[in-house]
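Trainee: Sequence:
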Amino acid sequence: MSIANYVSVSKLTIDDFINESKLSFTDISTEAVRRYRFKGNEIVEIPGPLLLNVSRTGGHRIFDENGVSHYIPKGWIELSWVAKIGEANFVK
Numbered sequence: 300m301s302i303a304n305y306v307s308v309s310k311l312t313i314d315d316f317i318n319e320s321k322l323s324f325t326d327i328s329t330e331a332v333r334r335y336r337f338k339g340n341e342i343v344e345i346p347g348p349l350l351l352n353v354s355r356t357g358g359h360r361i362f363d364e365n366g367v368s369h370y371i372p373k374g375w376i377e378l379s380w381v382a383k384i385g386e387a388n389f390v391k
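Counting in my numbering, the sequence shown runs from 300 upward without gaps.
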């Protein structure tokens, strides 16, 4: 089955995030979309990112508004994002 079968039908917020790990997450909910580009022009795009954890090894854990948890390994060559209208372009 596709992961799309499991995503939330309503948009989640950071208040819906359940963290039972010892990891700290930063609010990035001002972003409309986050995009990672890897060598060979491979693109990973995450719409509606809400929370971000950067691991000691440089990997990114992201929780999005659909309830999907993403892990982006270190090694991307570009990170770009679009802020939601009226929101800060940089938050940290």
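No wet-lab data here; the hints were simulated from the structure.
What you are looking at is a predicted structure, and each value in this text was computed from that prediction instead of being measured.
From the three backbone atoms N, C-alpha and C, an ideal C-beta is built for every residue, glycine too.
Take the hints with a grain of salt, since some may be wrong.
Pairs of lysine to any residue, SDA-like flavour, derived with a Cα cap of 20 Å [what the hints assert, rightly or not]: (1) K391 <-> K310; (2) K373 <-> I313; (3) K373 <-> V343; (4) K321 <-> G347; (5) K391 <-> R360; (6) K321 <-> V343; (7) K310 <-> I384; (8) K383 <-> T329; (9) K373 <-> K310; (10) K310 <-> K321; (11) K383 <-> S328; (12) K383 <-> E364; (13) K373 <-> A387; (14) K383 <-> S323; (15) K391 <-> I342; (16) K321 <-> I384; (17) K310 <-> A331; (18) K391 <-> T325; (19) K391 <-> S323; (20) K321 <-> T356.
Ranges of calculated distance between the beta carbons of each label pair, as one might list FRET restraints [said to hold, decoys possible]: (21) A303 <-> Y370: 16 to 22 Å; (22) I342 <-> Y305: 21 to 27 Å; (23) I302 <-> E341: 28 to 34 Å; (24) K383 <-> I342: 19 to 25 Å; (25) A303 <-> T356: 27 to 33 Å; (26) S307 <-> G339: 21 to 27 Å; (27) V332 <-> S309: 26 to 32 Å; (28) K373 <-> V306: 32 to 38 Å; (29) A387 <-> K338: 15 to 21 Å; (30) I302 <-> T329: 31 to 37 Å; (31) K338 <-> D314: 33 to 39 Å; (32) K391 <-> V308: 26 to 32 Å.
Trainee: Against this structure, judge whether each hint is valid.
Mentor: Going down the list of hints, with the structure as the test:
1. K391 <-> K310: Distance of about 24 Å is beyond 20 Å: violated.
2. K373 <-> I313: It is violated: about 24 Å lies between the C-alpha atoms, which goes past 20 Å.
3. K373 <-> V343: Since the Cα atoms of K373 and V343 sit roughly 13 Å apart, the hinted pair holds (cutoff 20 Å).
4. K321 <-> G347: Since the Cα atoms of K321 and G347 sit roughly 24 Å apart, the hinted pair is violated (cutoff 20 Å).
5. K391 <-> R360: holds, 16 Å
6. K321 <-> V343: It is violated: about 26 Å lies between the C-alpha atoms, which goes past 20 Å.
7. K310 <-> I384: holds, 17 Å
8. K383 <-> T329: Measuring from Cα to Cα gives roughly 6 Å; hence the hint holds.
9. K373 <-> K310: With a Cα-Cα distance of about 28 Å, the restraint between K373 and K310 is violated, given a limit of 20 Å.
10. K310 <-> K321: Violated - the C-alpha atoms of K321 and K310 are around 25 Å apart, more than 20 Å.
11. K383 <-> S328: holds, 9 Å
12. K383 <-> E364: holds, 13 Å
13. K373 <-> A387: Judged against 20 Å, a Cα distance of about 25 Å means the pair is violated.
14. K383 <-> S323: Distance ~23 Å between K383 and S323 Cα, so the pair is violated.
15. K391 <-> I342: Given pair K391, I342 is violated - Cα atoms ~23 Å apart, limit 20 Å.
16. K321 <-> I384: violated, 32 Å
17. K310 <-> A331: Given pair K310, A331 holds - Cα atoms ~13 Å apart, limit 20 Å.
18. K391 <-> T325: holds, 9 Å
19. K391 <-> S323: Holds - the C-alpha atoms of S323 and K391 are around 14 Å apart, at most 20 Å.
20. K321 <-> T356: Given that 20 Å is the threshold and the Cα spacing comes to 16 Å, the pair holds.
21. A303 <-> Y370: 16 to 22 Å: With Cβ atoms ~18 Å apart, the hint holds.
22. I342 <-> Y305: 21 to 27 Å: holds, 23 Å
23. I302 <-> E341: 28 to 34 Å: violated, 18 Å
24. K383 <-> I342: 19 to 25 Å: Since the Cβ atoms of K383 and I342 sit about 21 Å apart, the hinted range of 19 to 25 Å holds.
25. A303 <-> T356: 27 to 33 Å: holds, 29 Å
26. S307 <-> G339: 21 to 27 Å: Because 32 Å falls outside the window, the suggested range is violated.
27. V332 <-> S309: 26 to 32 Å: Given range 26 to 32 Å: violated, Cβ gap about 19 Å.
28. K373 <-> V306: 32 to 38 Å: violated, 26 Å
29. A387 <-> K338: 15 to 21 Å: Violated, since A387 and K338 (Cβ atoms, about 30 Å apart) do not stay within the stated range.
30. I302 <-> T329: 31 to 37 Å: Once the Cβ atoms are compared, 25 Å apart, the range 31 to 37 Å for T329 and I302 is violated.
31. K338 <-> D314: 33 to 39 Å: holds, 37 Å
32. K391 <-> V308: 26 to 32 Å: holds, 30 Å
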